[in-house]
Amino acid sequence: MPSRSVPGKRSGKQAPGKKSKKSHTIPAGVNASSSEGSNPPPSATVRVNGINGHDSRVKVEEKMDEGQLTRLTAGVPVDVVGRSSAGPPIRTEKPSAVELRRGMIQMAPVENDKQPRSLIILTGLKTLFQKQLPKMPREYIARLVYDTNSKSLAIIKRGYKVVGGICYRPFPHRGFAEIVFFATNSADQEKGYGGMLMDHYKAHIRKTYPEMMHFLTYADNYAVGYFEKQGFSKEISLDRSVWAGYIKDYEGGTIMQCTMLPKIDYLDKQSVFKQQQEAVMTKIRQMSKSHTVHPGLPQFQPGAPTGTSVDPKEVPGLRETGWTPELAAVTTRQPVKNSVKALMEKLLQELIEEPKGWAFLKPVSYDDVPDYFDIVKHPMDFSTIQHKISTGQYKTFDAFVDDVQLVFDNCRLYNPETTIYAKNARFMDQFFKNSLSVHLK
1 MPSRSVPGKR SGKQAPGKKS KKSHTIPAGV NASSSEGSNP PPSATVRVNG INGHDSRVKV
61 EEKMDEGQLT RLTAGVPVDV VGRSSAGPPI RTEKPSAVEL RRGMIQMAPV ENDKQPRSLI
121 ILTGLKTLFQ KQLPKMPREY IARLVYDTNS KSLAIIKRGY KVVGGICYRP FPHRGFAEIV
181 FFATNSADQE KGYGGMLMDH YKAHIRKTYP EMMHFLTYAD NYAVGYFEKQ GFSKEISLDR
241 SVWAGYIKDY EGGTIMQCTM LPKIDYLDKQ SVFKQQQEAV MTKIRQMSKS HTVHPGLPQF
301 QPGAPTGTSV DPKEVPGLRE TGWTPELAAV TTRQPVKNSV KALMEKLLQE LIEEPKGWAF
361 LKPVSYDDVP DYFDIVKHPM DFSTIQHKIS TGQYKTFDAF VDDVQLVFDN CRLYNPETTI
421 YAKNARFMDQ FFKNSLSVHL K
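Sequential numbering from 1 applies to the sequence shown in full-length UniProt numbering.
What the hints contain is simulated information worked out from the structure, not anything from laboratory work. Keep in mind that this is a model prediction, so the values were computed, not measured. Cβ atoms here follow ideal geometry from the backbone N, Cα and C, with glycine treated the same way. Warning: the hint list may mix true and false statements.
To be verified - Just the calculated beta-carbon pair ranges, DEER-fashion:
1. ILE120 to LYS94: 22 to 30 angstroms
2. PRO416 to SER186: 29 to 37 angstroms
3. ASP398 to ASP371: 30 to 38 angstroms
Based on the sequences and whatever the hints tell you, model everything.
Structure below.
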């Protein structure tokens, strides 16, 4: 399998290194200049919350009992008239939120102002980025972190130990900021540091640069999913003339954009979600009877004779849901087909998420390796398999397995055994066989 371009240097190509577990990392950007940009939308009233945020104002048509809402969300119907006796739901705090509340970690805005405290934190950030971004030249990371045009937001523990951070370049006159580096310590990633850091970054930007409403970043293949969860999109709405020439293009990276919403307090998103959820559930209750609870069927109560059957048409409330005998006949024929598709999707997703499968994600480009198609007559890759699954092209499960096997066979056919590509193909081949044995038990 030929080499692919990866974001790791300002130019040229380099094979990717081993990825730390769930490390959210991105390439770097360069250059800063200023000119007039468009005016951003007006922001809401500012209030102190952590670093800073805005009060959200979401219209809720009706208030619901919180216990009822919780049961509805979980798929448990509740009485339309009576109130639920369930108490308030217990919301489990993420470890990162607990540590922040207890003062075990702090969010520290920092820049190179030559002060000892700032230099200590910046050095910690530099070390973290160099460890978590092994494809980036160490001197390049150091230069950008210490650059006086760069700003950073760090998660620090006692003794100024840096466990996470963002390095960014603000362009206030252009209305956007570029996220240059983003990483959290591998040992702490399961605590929710990544999401918390991004939320505090947005709140910090809103307070420090009210005119900047947009963020741009180049994400590598492993970080795209994380950034999408944080509100970033591959669809760039900013006019190219606003940002072109201000950030560096990276071969193999995906440019992504995030636009902040003026009414959202990013440090209190849960309350916004709760209000939105309440509004949706209120509408559902107005339009359906899914909240109505019918008494249990007497045929299945304790003490009732065993072996009793019930005509579905006699079950109270079943017809009101839109059920028909014809619908029941259709649903009984579908599970096998749907379960096979779900299994194929799950197996493929495991292959895609395995770091050593990076070379098999996309089709081989003729421009990169012109002689590849002279040797490999039936190319195959994970994205093609994904398309065939979603469009129902696999008539049998064995056809799917054959295509996956073809990916690894093609790689070993084209690449010498000693190359990283052939080694990864052997690993992925065994990885896939192990997954098959687990799922087909």
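Checked hints:
no. : hint                                 : in the structure
1   : ILE120 to LYS94: 22 to 30 angstroms  : holds (27 angstroms)
2   : PRO416 to SER186: 29 to 37 angstroms : holds (32 angstroms)
3   : ASP398 to ASP371: 30 to 38 angstroms : holds (31 angstroms)
Violation of the numbered hints given earlier is absent; every hint is satisfied by the structure.
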